[in-house]
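Once you have looked at the hints, place chains Y and E on chain B.
As you go down the protein sequences, you meet chains B, Y and E in turn. In the working numbering, each residue carries its 1-based index in the first sequence increased by 143. In the working numbering, each residue carries its 1-based index in the second sequence increased by 143. In the working numbering, each residue carries its 1-based index in the third sequence increased by 100.
In case anyone wonders, no lab produced these hints; they're calculated from the structure. All figures in this text were calculated on a predicted structure; none of them were measured in a lab. Warning: the hint list may mix true and false statements.
Listed below are the simulated EDC-like cross-link pairs for lysine to aspartate or glutamate, each with C-alpha atoms no more than 20 Å apart in a straight line [to be verified]:
(1) Lys237/E with Glu223/Y
(2) Lys287/E with Glu259/B
(3) Lys147/B with Glu223/Y
(4) Lys166/Y with Glu250/E
(5) Lys237/E with Glu259/Y
(6) Lys237/E with Asp143/E
(7) Lys158/E with Asp143/E
(8) Lys166/Y with Asp249/E
(9) Lys193/Y with Asp198/B
Output of the computed footprint for chain Y on chain E, the stretches with three or more beta carbons under 8 Å from beta carbons of chain Y [to be verified]:
(10) 144 to 157
(11) 190 to 197
(12) 232 to 239
(13) 256 to 265
Pair by pair, the computed Cβ-Cβ distance ranges are [as the list claims (entries may be wrong)]:
(14) Glu326/E with Arg272/B: 29 to 35 Å
(15) Glu259/Y with Pro266/E: 46 to 52 Å
(16) Lys166/Y with Glu208/B: 24 to 30 Å
(17) Lys193/B with Asp150/Y: 23 to 29 Å
(18) Trp229/B with Glu188/E: 51 to 57 Å
(19) Trp229/B with Glu287/Y: 41 to 47 Å
(20) Lys349/E with Thr275/B: 22 to 28 Å
C-beta: ideal position from N, C-alpha, C; glycine also.
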Amino acid sequence: MAQKINDIQLLQLVEAAIFAAEKPLSRAELQATVLEGFNVSAKRLLQCLKQLQDDYSARGIQLMETASGYRFQTRPELSEPLARLWPERSPRYSRAVLETLALIAYRQPITRGEIEQIRGVSVSSQIMRTLTERGWVKVVGHKEVPGRPGLYATTEAFLDYFGLRHLDQLPPLAEFAALQPAEAELLTTVGMTGELH
Amino acid sequence: MAQKINDIQLLQLVEAAIFAAEKPLSRAELQATVLEGFNVSAKRLLQCLKQLQDDYSARGIQLMETASGYRFQTRPELSEPLARLWPERSPRYSRAVLETLALIAYRQPITRGEIEQIRGVSVSSQIMRTLTERGWVKVVGHKEVPGRPGLYATTEAFLDYFGLRHLDQLPPLAEFAALQPAEAELLTTVGMTGELH
Amino acid sequence: MAEQLPPLTIQQPLPLAFVRGEAVLERPEDLYIPPDALEVLLDTFEGPLDFLLYLIRKHKFDLVDLPVNEITLQYMEYIELMQELNFELAAEYLVMAAMLAEIKSRLLLPKITNLEDDEHDPRAELVRRLQEYEIFKQAATDLDVLPRDERDYFTAQASLADNFSPLLILPDVDFTELISALNDIVKRSKALAHHHIQREHLSTRERMSRILDLLQQRQGYLEFAECFDLTEGREGVVVTFLAILELTKEKLVELIQVAPYAQIHVKLALSEA
Numbered sequence: 144m145a146q147k148i149n150d151i152q153l154l155q156l157v158e159a160a161i162f163a164a165e166k167p168l169s170r171a172e173l174q175a176t177v178l179e180g181f182n183v184s185a186k187r188l189l190q191c192l193k194q195l196q197d198d199y200s201a202r203g204i205q206l207m208e209t210a211s212g213y214r215f216q217t218r219p220e221l222s223e224p225l226a227r228l229w230p231e232r233s234p235r236y237s238r239a240v241l242e243t244l245a246l247i248a249y250r251q252p253i254t255r256g257e258i259e260q261i262r263g264v265s266v267s268s269q270i271m272r273t274l275t276e277r278g279w280v281k282v283v284g285h286k287e288v289p290g291r292p293g294l295y296a297t298t299e300a301f302l303d304y305f306g307l308r309h310l311d312q313l314p315p316l317a318e319f320a321a322l323q324p325a326e327a328e329l330l331t332t333v334g335m336t337g338e339l340h
Numbered sequence: 144m145a146q147k148i149n150d151i152q153l154l155q156l157v158e159a160a161i162f163a164a165e166k167p168l169s170r171a172e173l174q175a176t177v178l179e180g181f182n183v184s185a186k187r188l189l190q191c192l193k194q195l196q197d198d199y200s201a202r203g204i205q206l207m208e209t210a211s212g213y214r215f216q217t218r219p220e221l222s223e224p225l226a227r228l229w230p231e232r233s234p235r236y237s238r239a240v241l242e243t244l245a246l247i248a249y250r251q252p253i254t255r256g257e258i259e260q261i262r263g264v265s266v267s268s269q270i271m272r273t274l275t276e277r278g279w280v281k282v283v284g285h286k287e288v289p290g291r292p293g294l295y296a297t298t299e300a301f302l303d304y305f306g307l308r309h310l311d312q313l314p315p316l317a318e319f320a321a322l323q324p325a326e327a328e329l330l331t332t333v334g335m336t337g338e339l340h
Numbered sequence: 101m102a103e104q105l106p107p108l109t110i111q112q113p114l115p116l117a118f119v120r121g122e123a124v125l126e127r128p129e130d131l132y133i134p135p136d137a138l139e140v141l142l143d144t145f146e147g148p149l150d151f152l153l154y155l156i157r158k159h160k161f162d163l164v165d166l167p168v169n170e171i172t173l174q175y176m177e178y179i180e181l182m183q184e185l186n187f188e189l190a191a192e193y194l195v196m197a198a199m200l201a202e203i204k205s206r207l208l209l210p211k212i213t214n215l216e217d218d219e220h221d222p223r224a225e226l227v228r229r230l231q232e233y234e235i236f237k238q239a240a241t242d243l244d245v246l247p248r249d250e251r252d253y254f255t256a257q258a259s260l261a262d263n264f265s266p267l268l269i270l271p272d273v274d275f276t277e278l279i280s281a282l283n284d285i286v287k288r289s290k291a292l293a294h295h296h297i298q299r300e301h302l303s304t305r306e307r308m309s310r311i312l313d314l315l316q317q318r319q320g321y322l323e324f325a326e327c328f329d330l331t332e333g334r335e336g337v338v339v340t341f342l343a344i345l346e347l348t349k350e351k352l353v354e355l356i357q358v359a360p361y362a363q364i365h366v367k368l369a370l371s372e373a
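Chain B on its own, in the form it takes in the complex:
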């Protein structure tokens, strides 16, 4: 004693079921739950789902068929503004990140190896990635030594963030040059020290 259901009622019911279910609903699940007792043919259900897909084609959400069934999902183009509904605060930067950034700012262009030499500890790829993804540092070239390590420099975004127009607005660190012994020696040797100021 199957109940009758007209096309509009069928559409409403299938639509509501897919929206209300916590997970994608397959056609078999629709038949076994909300459509139980209505005797809706497979063809009719398919038509109904096609109709729903059309109805939502120009809307903010779309009816998608995934491996486990049908579900509504937001348009991919809207992901960026929708992201603001779920802001995630990332943790503060570690000391290592800040020291690396400071060294790149003052000693650019500089390789990761040179940073490690000065800091006296290894610099993880994660640190370099953090700074690169933030858009504060970038690779501006490669040092022509074995392994061709990347040469890091700060970006305009870095200056913008800290409200600087030029790097030389960073406070001078008189002692800083002393940290590169090899270089300091070289400079002394070639007698160009004076001219560098």
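What follows is chains Y and E alone, placed relative to chain B:
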């Protein structure tokens, strides 16, 4: 530097946001999240929501405004077949729970002792716990009498659950005026007793 | 709910009751109530007020002009019956019994005060409580039929598109944090410090980065003159020149001149391999 957004994009974004959010979204929340940077006037947003309400008026789901904001929900007429999606879920509440909830809703803020006085029986801690855990009632203060009993009030979640925007959308109480003892006494004194029944 | 209750014992003919001016005569009913039915009865009521209301409605008594004698009699019969059957009665039921008995006895006393004063009607307080309870009992029923979530409607939700990722709020860095990080390095590296203390303009280092960046964009090859921006003035030219010298010295670039007086080119240094 507000970005431009056309009416169709606005509709899609608001629609997607309400569908994707875990809880009802107020206009203020929409403005502060997905619409941030678009400079959409209050009037335009209201029109957009009205448009959405119209778009869905004949569908299996509807756009509703409850106490804490807008959400899409399935049509009440579809509840019976839809309930088959969750065979185990059918929350029923005892009369004791419902009477206690009604007293808190209509007489808030109210102490447990006052509820017991009106109901003529003690109110178990289990009942108060059920209502608190559902997020329907909360302690909003303490009555300054010995023991400083908690004063209970209903929450936005309570209104949301019952699809209400304000407490005054609750069904009116029968002959409520007659029931306020202080008021009734006053009326009696001035000889209005007859009119109270 | 009341309709589903078992028939109640009535031990005496009911008095005539007037409901909205209409006389109603209830006939005596069966005396016997099975004990388990009484238990169900107790569970059905939300306390003595609920029970009293049931009795009042069942016998179509007028709540406002409560016939205390009759209702007390009815009430007592049930209570006694339940006590005889050793049901554990909530204390509230016994308190109510005492209250009814008290009202009844006060009604028997000669009235001293003027009769039209409602406040001195011993029934008034009980009637008020019954009325009040009945209204909230009704409110609870009304609340229960309100359409509600998870029963009459369900929240409609959509999943997020596959390309969705939450907005990452990146940590703020204070300028002083950067400086203090640098100071730490300086302190830590004291041991490495060389006697020759060099102070270099940061603008030179910045310019070095810029030239490298430009070289990358130009496939590693630039005319010497292209490195200079004459609008920067003398100082800019000097900074650029120093930067090129420094880059050459660090073997990051090579300067190439194919013939005397020919154009000088700046070229990214290539490894020997």
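Verification of the hints:
1. Lys237/E with Glu223/Y: Between Lys237/E and Glu223/Y the Cα gap is close to 27 Å, so the pair fails against 20 Å, i.e. violated.
2. Lys287/E with Glu259/B: Roughly 16 Å between the alpha carbons, so the hint for Lys287/E and Glu259/B holds.
3. Lys147/B with Glu223/Y: holds, 15 Å
4. Lys166/Y with Glu250/E: holds, 14 Å
5. Lys237/E with Glu259/Y: holds, 13 Å
6. Lys237/E with Asp143/E: Distance ~16 Å between Lys237/E and Asp143/E Cα, so the pair holds.
7. Lys158/E with Asp143/E: holds, 18 Å
8. Lys166/Y with Asp249/E: holds, 13 Å
9. Lys193/Y with Asp198/B: With Cα atoms ~19 Å apart, Lys193/Y and Asp198/B stay inside 20 Å; holds.
10. 144 to 157: Contact hint for the region 144 to 157 of chain E vs chain Y: holds, 5 residues under 8 Å.
11. 190 to 197: holds (count 3)
12. 232 to 239: As far as the region 232 to 239 of chain E goes, the hint holds, because 7 residues have Cβ atoms under 8 Å from chain Y.
13. 256 to 265: Our answer is that it holds, as 5 residues pass the Cβ test (under 8 Å) against chain Y, meeting three.
14. Glu326/E with Arg272/B: 29 to 35 Å: For Glu326/E and Arg272/B the Cβ distance comes to about 33 Å; the hint holds.
15. Glu259/Y with Pro266/E: 46 to 52 Å: The hint (46 to 52 Å, Cβ to Cβ) holds, given that Glu259/Y and Pro266/E are roughly 47 Å apart.
16. Lys166/Y with Glu208/B: 24 to 30 Å: The hinted range 24 to 30 Å holds for Lys166/Y and Glu208/B, with Cβ atoms some 28 Å apart.
17. Lys193/B with Asp150/Y: 23 to 29 Å: holds, 28 Å
18. Trp229/B with Glu188/E: 51 to 57 Å: Given a distance of about 54 Å, which is inside 51 to 57 Å, the answer is holds.
19. Trp229/B with Glu287/Y: 41 to 47 Å: holds, 43 Å
20. Lys349/E with Thr275/B: 22 to 28 Å: holds, 27 Å
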